[in-house]
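Asker: Could you build all of it, start to finish, from the sequences and the hints given here?
Listed in order, the protein sequences are those of chains L and U. Letter 68 of the first sequence, counting from 1, is numbered 128 in my numbering, and no numbers are missing. Letter 113 of the second sequence, counting from 1, is numbered 1573 in my numbering, and no numbers are missing.
Careful: at least some of the hints might be erroneous.
[Stated by the list, open to error] Not the full set, but computed from the structure, chain U residues with beta-carbon under 10 angstroms of chain L:
{"id": "1", "residue": "MET1470"}
{"id": "2", "residue": "GLY1522"}
{"id": "3", "residue": "LEU1746"}
{"id": "4", "residue": "LEU1751"}
{"id": "5", "residue": "GLU1755"}
{"id": "6", "residue": "GLY1763"}
{"id": "7", "residue": "LEU1765"}
Simulated from the structure, these hints should not be mistaken for lab results. Glycine included, each C-beta is placed from N, C-alpha and C at the ideal position.
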Amino acid sequence: MLELQHISFAADDGNKEILNDVSLTVKERFVAVTGPNGSGKSTLAKIIAGILQPTEGKILFNGEDITPLSVTERARRGISYAFQQPVRFKGITVKDLVSLAAGRKITVGEACTYLSEVGLCARDYIDREVNASLSGGELKRIEIATVLARGTALSVFDEPEAGIDLWSFQNLISVFEKMHQKTQGSILIISHQERILNIADKIVVIAGGRIEKQGTRDEVLPNLLAGRVCAALQN
Amino acid sequence: MDELEKMLLMQIADLHKVPDGAYNIRSNGASEGRKSTPHIRIENRTDGKAGIDIFVSGETKGESVHIPVVITKTDYRETVYNDFYVEDGADVLIIAGCGIHNCGQAGTEHSGVHTFHLGKNCKVRYVEKHYADGDGSGEKVMDPQTVMYLAEGARMEMETTQIKGIDSTVRTTRAVLEAGADLVIREKIYTHGSQLAKTDFAVQLNGDGAGADIVSRSVAAGDSKQEFELRIDGNGKCRGHSECDAIIMDNAHVTAVPALAANNVDAELIHEAAIGKIAGEQLLKLMTLGLTEGEAEEQIIKGFLS
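Answerer: Structure representation (structure tokens):
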């Protein structure tokens, strides 16, 4: 279980406040974090992964205070993080990357299983380099496959749906469901997509760096959708 | 051959035993073994210079020649001339390479001058690896020169790798291509400590339909210095592409000086060059997979030079 206690984060030497006193627990199967652009959602995901250090507050993972731990140490304790914009590597193949994610040398068969789950024909991909020759959508799916290969207790996805337009949402959702079945852990998804919010057990709405609302899907989603319609009408 | 020489052979030619096919093994300036085959003949030079002549007949299909050099002496310097005569239509794999082990205080130097005469429509794959070790302070120097003449329709693929231990290298490569000939070069260099690696390519694309594709990838770490110079002259309806891509680390210096010269309106020449440190995002991605920063760096370099 992940617990954020009074997390604040300010950029530019403390002058620009991004997150302010955010507290939440992640113990459910799917937790969705949503909110307007620039509300601090991606910053929150990076703070969980250890890429950014909070200016205030504490992060507990399975009861342990992991606030001072590095990205590597958090990864080893069971936190996975899928980048919003996947990173490219010259010379590192898809199979190499999935092997590094699994933490051991995997067989071609295993690599194929992970790639097939994200809708890539494994045979065409395993020996390809994770470089600029792959499209944004392909990279995004490989990114998801690396998190699948890790199979950790907590997986954080930063806008996993962006760029996967050629693949269906239903497939993405079934990837999350399978992942949960396997790990019995929690999946935290940052998303604007109603279809992803629809499968969440818990929805957290962030606006202006603060938690505006959090609760079960039934508590949060109807108002959220109504609010969006109003905002759209106002525009 | 002793264990040390066997280890060097492993490093440069992946040889665990006497190779199949034709070979000439040179160890500390003397021939340690030689074998010709019905299609590939290896002979001593007749002009008094050190080295061999290799004659590859047109009937050669899918055969290989190994010509490794190992040096374990200190205070030893040699220049060796190897000439390859490949007849029209031959298809051959040539594996060269030099391994130096110097644990003395004086320098060791090997300069291999390889000249290739490729007949029409022949196909040559040339693989060379350079490696040095030994904990003495003696400098380990290799200055390979490769000169290639490609007749019409010939194809040459050259893979050249210098991964470890060579203190100073100046690598000179010259190629002249006639119509329809094709040259592919893949260079990989890793330097560290206070090493110096300089590579200098010059390619003349003389005939219509000639093509060259030269890619150099290098990593410069420590206080090492790398210089990359390249010039492609397009003298006909030809295409030339070159790419030099370097990762710079620590206090290293990397210079890339590419030059393209089109002497024909139909010459298509492209150069791409990039020098930069390992991207922070790349390190972070691998760290989110559980690797330490050092392990991440190692994987990125290993992939880049694979």
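Asker: Go through the numbered hints given earlier and state which of them the structure violates, listing their numbers in rising order.
Answerer: Per hint list: 1, 2 violated.
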